[in-house]
Amino acid sequence: MSDLQTYQYVLIGLIFIWSGFVRTGLGFGGSVLSLPFLLLVHNDPLVFMPLIAVHLLFFSSLIAWQGFRKARAGSSDAQQSQIDWTYLKHALKIMIVPKLIGVIGLITLPASFLTVLIFGIIFIYSLTYIFNKPFKSNHPAVDVLLLMLGGYVSGTSLVAAPLIMAVFATHVAKEKLRDTLFVLWFILVTIKLASLIIAGVNLQLIHHLWLLPCAFIGHLFGERLHQRLVTTSTTTFFRILGVMLLIVSIIGVLGTPL
1 MSDLQTYQYV LIGLIFIWSG FVRTGLGFGG SVLSLPFLLL VHNDPLVFMP LIAVHLLFFS
61 SLIAWQGFRK ARAGSSDAQQ SQIDWTYLKH ALKIMIVPKL IGVIGLITLP ASFLTVLIFG
121 IIFIYSLTYI FNKPFKSNHP AVDVLLLMLG GYVSGTSLVA APLIMAVFAT HVAKEKLRDT
181 LFVLWFILVT IKLASLIIAG VNLQLIHHLW LLPCAFIGHL FGERLHQRLV TTSTTTFFRI
241 LGVMLLIVSI IGVLGTPL
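Note that this note's numbering has the sequence shown beginning at 1, numbered continuously upward.
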């Protein structure tokens, strides 16, 4: 990113603040709700993937640790695991091969094709937010399909959370869902980062020095949002985000040279 203009750096910093805010406030979506905006600033997914991946590792670890500490402080049964390891292992067996195929596609496919693919996924997600019709899974075959799609999308773009959550939310107890998902994100992102390192992709390490604090600022504000959303409806909020993403995805696809 060394050849960007000053205003582009400012926009990227603001978007990463937004990313941290959404990730902590909603519990997911830091990637799906920030990547389309990042690609409008600089149309190269491989520049932002390592940055987003490291942030996912850091904040998923931080939030999971905070949750574990609160559980120990407030529960008499502190030793009980808050992670559904049985279903996590089952899901990973289904997702691992599509995940690796997606990572290979990320490394080998043209940036313009990947950009259109990402914006297309965002377009679909935006409609589910606008019409309040999130992905749902009610059948074993649908579970497998969504997990395989989620694995592939996670490999190409790290915006697979709605697909994966549709399955996990029906099979994992509510009190274990968040921490189980955080462990899943950590595993999937670790695989992706390892693959990028092996492929020699630039991890943009110097930019972590200023973008991680930006995301942490968003994280602090996201904590406040999370406390409010626990007791309020999020339907209107998601519909507004859906409209924003719909507009961004259309502009992104139309503005991407193929």
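The set of hints was computed from the structure by calculation and includes no laboratory data. Note that this is a predicted model, so its numbers are computed, not measured. Be aware that a few hints might be false.
[Unchecked claim] In silico PhoX-like pairs for lysine-lysine, Cα to Cα no more than 20 Å straight-line:
no., residue 1, residue 2
1, Lys133, Lys176
2, Lys89, Lys174
3, Lys176, Lys89
4, Lys176, Lys136
[Said to hold, decoys possible] Derived Cβ-Cβ restraints for the label pairs, each shown as a range:
no., residue 1, residue 2, range
5, Gln5, His139, 28 to 38 Å
6, Asn43, Lys136, 31 to 41 Å
7, Ile130, Leu205, 22 to 32 Å
Ideal Cβ placement from N, Cα and C applies to all residues, glycine included.
| request: Check each numbered hint against the structure and report the violated ones by number, ascending. | output: Violated hints (numbers, rising): 1, 5, 7; every other hint is consistent with the structure.
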